[in-house]
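Based on the sequences and whatever the hints tell you, model everything.
Order-wise, the sequence lines are chains A and B.
The opening position of the first sequence corresponds to residue 14 in the working numbering, with each subsequent residue numbered one higher.
The opening position of the second sequence corresponds to residue 14 in the working numbering, with each subsequent residue numbered one higher.
Don't take each hint at face value.
Which copy is meant is left open, because identical chains are indistinguishable; a pair holds if it fits in one copy or across any two.
[What the hints assert, rightly or not] When the alpha-carbon atoms are kept at most 25 Å apart in a straight line, the in silico SDA-like pairs for lysine to any residue are as follows:
1) Lys26 - Leu81
2) Lys26 - Val215
3) Lys26 - Asp183
4) Lys26 - Gly130
5) Lys26 - Ala181
Bear in mind the hints are in silico, worked out from the structure with no lab data behind them.
There are 2 protein chains.
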Amino acid sequence: MRVVVPFSASEPKTRLSDVLAPDERRAFARAMLADVLAALDSTDADPTVLATAPVDCTVPVTVDDRPLTEAVDARLPSDPDDDPVAVVMADLALATPGALERLFDADGDVVLAPGRGGGTNALVSRHPEFAVDYHGVSVRDHREAAARIGADLGVVDSFRLATDVDEAPDLVEVLLHGEGEAAAWLREAGFSLSTTGGRVDVRRSSGGS
Amino acid sequence: MRVVVPFSASEPKTRLSDVLAPDERRAFARAMLADVLAALDSTDADPTVLATAPVDCTVPVTVDDRPLTEAVDARLPSDPDDDPVAVVMADLALATPGALERLFDADGDVVLAPGRGGGTNALVSRHPEFAVDYHGVSVRDHREAAARIGADLGVVDSFRLATDVDEAPDLVEVLLHGEGEAAAWLREAGFSLSTTGGRVDVRRSSGGS
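Shown next, in the form of structure tokens:
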């Protein structure tokens, strides 16, 4: 399966700016990308990182500085003879080979992995007319787009693929369920789980670098 | 599969008090319970609602006003000859028969469906020594408890089972992915998706009852 992994190379993860400095956000985003690529490496995926700027990487990198929707759309099948293409976001720090294989193997001309809060964290397109639109409530828009072109829709029900890491509370999930570089990076930076309130949260020790 | 569905009958969903009045919280909690029971009804489950106070219901109800951990623990297998027992929370408004069957069919002496934020939204116990503890980071504690007694651990990777509905942002998921009474109740009460900010949120029209 051809897999496109969009990655914001310059100013990633701005919504983590209350807990991470700019250089830390870049390092953490790179650790999450490494985890996604490691999970893909245990599948039959043929991944390309689609980056907004050059980035050192273990897989081929294509630089395209257009907005996400346009850059991804240019890589989707546009001819009935084109191979299927999967799109997997670079901040799915909980992704496992098993969860990704469920995505790749699911039936459907269009297969969606919904993200929390209305996003589309991963998808497969096997339909030449399907186009993405990552603005707004993308999972709803993608469902409607699939219906409009008469594409059979598949949905993958995965907590791991639904968990993109955008804001501080999302770090709880990385610490609890992550097994790769992103979780290790957070621990090294001094983050741990905090259970003093009603909800589980993260705290950062002053000793964290 | 014997299934216990714990339900707080008196003062449910207090963390929704910023968007719902007390009687609305009770009605919405009942709608979510109805959705969970409807999903279970399409599986081979044999459900009992474990309520803190009497409640009208389509399935048998057991009243136990002890705290959640103690009340659930009293219903788990305690003898090697006991049948397996599943515990499915009553606020899993996105639960589908398919997601529940993945839970029931998963291999493991103990099977966990992690919830967001460290919770344990559903589980199966086939081990006489396994005990629950819903305080704190329960999914981590349950993993450790399974390891301590030498129980094989299974984990079900499901966004639908990971989504319990506790706070206002969780209503987004019900509106987007729910197909039952809870989603209908929210729409009737005037809730809809709001996409004017960076994140998808809910808003409530003044016309909502």
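Each hint, compared with the structure:
| no. | hint | verdict |
| --- | --- | --- |
| 1 | Lys26 - Leu81 | within (14 Å within a copy, 38 Å between copies) |
| 2 | Lys26 - Val215 | both (17 Å within a copy, 23 Å between copies) |
| 3 | Lys26 - Asp183 | both (12 Å within a copy, 22 Å between copies) |
| 4 | Lys26 - Gly130 | both (16 Å within a copy, 20 Å between copies) |
| 5 | Lys26 - Ala181 | both (10 Å within a copy, 24 Å between copies) |
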